[in-house]
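All chains, full assembly: derive it from the sequences and hints.
Here the sequence shown stands for residues 72 to 570, numbered as in the working numbering.
In case anyone wonders, no lab produced these hints; they're calculated from the structure.
All values derive from a computational prediction rather than experimental measurement.
Treat the hints with caution; some may be incorrect.
[To be verified] SDA-like, lysine to any residue: derived pairs with alpha carbons at most 25 Å apart:
id, residue 1, residue 2
1, 492, 422
2, 251, 202
3, 339, 450
4, 450, 382
5, 491, 506
6, 233, 202
7, 403, 487
8, 233, 290
9, 76, 89
10, 233, 148
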Amino acid sequence: GGHVKENSFLGFWKFLPFGCSMTVKGSRIFYNTNPEAINNGKYSPICETSNATLPGEGMDETAIVSLLTNGAGVNCATGQNLSMEDCVREGIVLGGHVKNNKFLGYWRNVVFGCSMVAKGGRIFYNDNPKAINDGRYSPICKALEKKVTLSLSGEGIKCSKKRQVSVEECIAAASSVGGKLRDGRFLIGYWPNAPHGCFIGASDKAIFYNPNFSGYNDGSYQPVCIKAEYQATLLPPGFGSRCELGYNFSVDDCISAAESVGGILRDKKYFVGYWSDKPYGCFIDEADKAIHFGTNPNGINYGDYQLVCPSGSEISYEKSNFLIEHSEASLKCFIKESGQDLYMHGSDNGSNVIMYGNEDYAKNSCNGSCPNSLFVLEKEPSQPNAWYIKASDRDLYMSVSGGNNHGNYVVMYGNEEYAKKTQCNGPCPNFVFVLEKVSWRFNSWYIKASDNENLNLLGGRPSFTNDDNAVIMFEGQGAECKGFCPRGLFNLECTILDG
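Below, the structure is given as structure tokens:
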């Protein structure tokens, strides 16, 4: 509720309390720079603990002000100016001082708002919004609410669009991670060989801003980016592992995410490629931690790479392994061919079960998961690891047409009563499947006949691979599979059925 009068609130008095105070009657605000002053009883001290820091030494997350490097044209970003009342207090906290009634003015060459002379530490407050810093003054600004991070230097490295620092915020942001003004100058230019946005030179930490959207980092610069709100998780290496659908880092966010879990740029290079033998998305090489990004959605992790996924996302393969082996509850599962991006499909009575559609089709194309690509696994207690496989949206069960014999096709047929009781006076063998996990390939399972361990499901005829639209059938080659054998192995991506 206090108020000030221009050029009359700052002084060197003997009878006012040192620092900020307000008259008991009238509520007029004063600031006394005399540290030996004694309050005569007419003034109420105004006290507050301040958290301030110098960005060049590392900005604390609780800091409320920051002192920018002095330089020609350097000012606080829009919305970051301190009030006149806060200026003196925060300036003194940062090591500055004032002279009697000479800190407030309307100057052309002094920073608009609060500042401190780089040499000497004298504090000023300038009311001229059009003033241009002549380079002798260090702005005192509110600390940026946005947290920033300094990226690695490397060819092609840049901030993603959502994490760009504006030109107005660049100096404060770059200073907070060790940037400096080269010869007191904020370097702004339209460069083809530097990243778009705010960055510092890897060699001398000079602060730059490049408005060129097509700028390409030649490896000499470190982008200054807004810190991502998410955290990264490094998954263990394993065949077929991938991040949960929809929970992948972008190609631009991959570097900072991978760096946070131990990734490095091998020879300052970021490896981006369309590989069939490497996973899709952000990952690091298990051997040397080199950061990669795979653009092939059908790429397969053969076990040499570790996926970098946002924390909170799940790798459904690990979860599925545990649920299938230990859960007595019913599960809802996608059933994927282990060597290609193809999913089991079918929910019409009497229709063949086929391999059809990729991951995006199975999980997203029906305003969410497609019912005919999602199955329910119901436990059959008569033998270990035995399950019924049911359509997720109707009372239809997967069965082997004509019984469990070599060459017979798998169809959707019969309701629960038919599959479990009526036809066979109990569980029908051709409606029950045994899941057998292999130890030498990550999350890979045989789906076998319940009454013949030498029969397992294959996607397509024995001479074919699991091509799109290939029918599912029983094949009598047993569980022996030398080398890479995609047709007879399936990845199960399961969660517990709600309710």
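Structure-based check of each hint:
1. With a C-alpha separation of about 22 Å, the suggested pairing of residue 492 with residue 422 holds against the 25 Å cut-off.
2. Proposed proximity of residue 251 and residue 202 is supported: the alpha carbons are some 22 Å apart, at most 25 Å.
3. Distance check on the hinted pair: residue 339 and residue 450 sit about 52 Å apart at the alpha-carbon level, beyond 25 Å; violated.
4. A C-alpha spacing of about 31 Å is found between residue 450 and residue 382, which places the hinted pair above 25 Å, so the restraint is violated.
5. A C-alpha spacing of about 18 Å is found between residue 491 and residue 506, which places the hinted pair at or below 25 Å, so the restraint holds.
6. Note on residue 233 and residue 202: the hinted pairing is violated, with a Cα-Cα distance of about 31 Å set against a maximum of 25 Å.
7. A distance of roughly 16 Å separates the Cα atoms of residue 403 and residue 487; the hinted pair therefore holds under the 25 Å criterion.
8. A C-alpha spacing of about 22 Å is found between residue 233 and residue 290, which places the hinted pair at or below 25 Å, so the restraint holds.
9. Restraint check for residue 76 and residue 89: satisfied, since their Cα atoms lie roughly 19 Å apart, inside the 25 Å limit.
10. For a cut-off of 25 Å, the pair hint linking residue 233 to residue 148 stands: about 19 Å separates their Cα positions.
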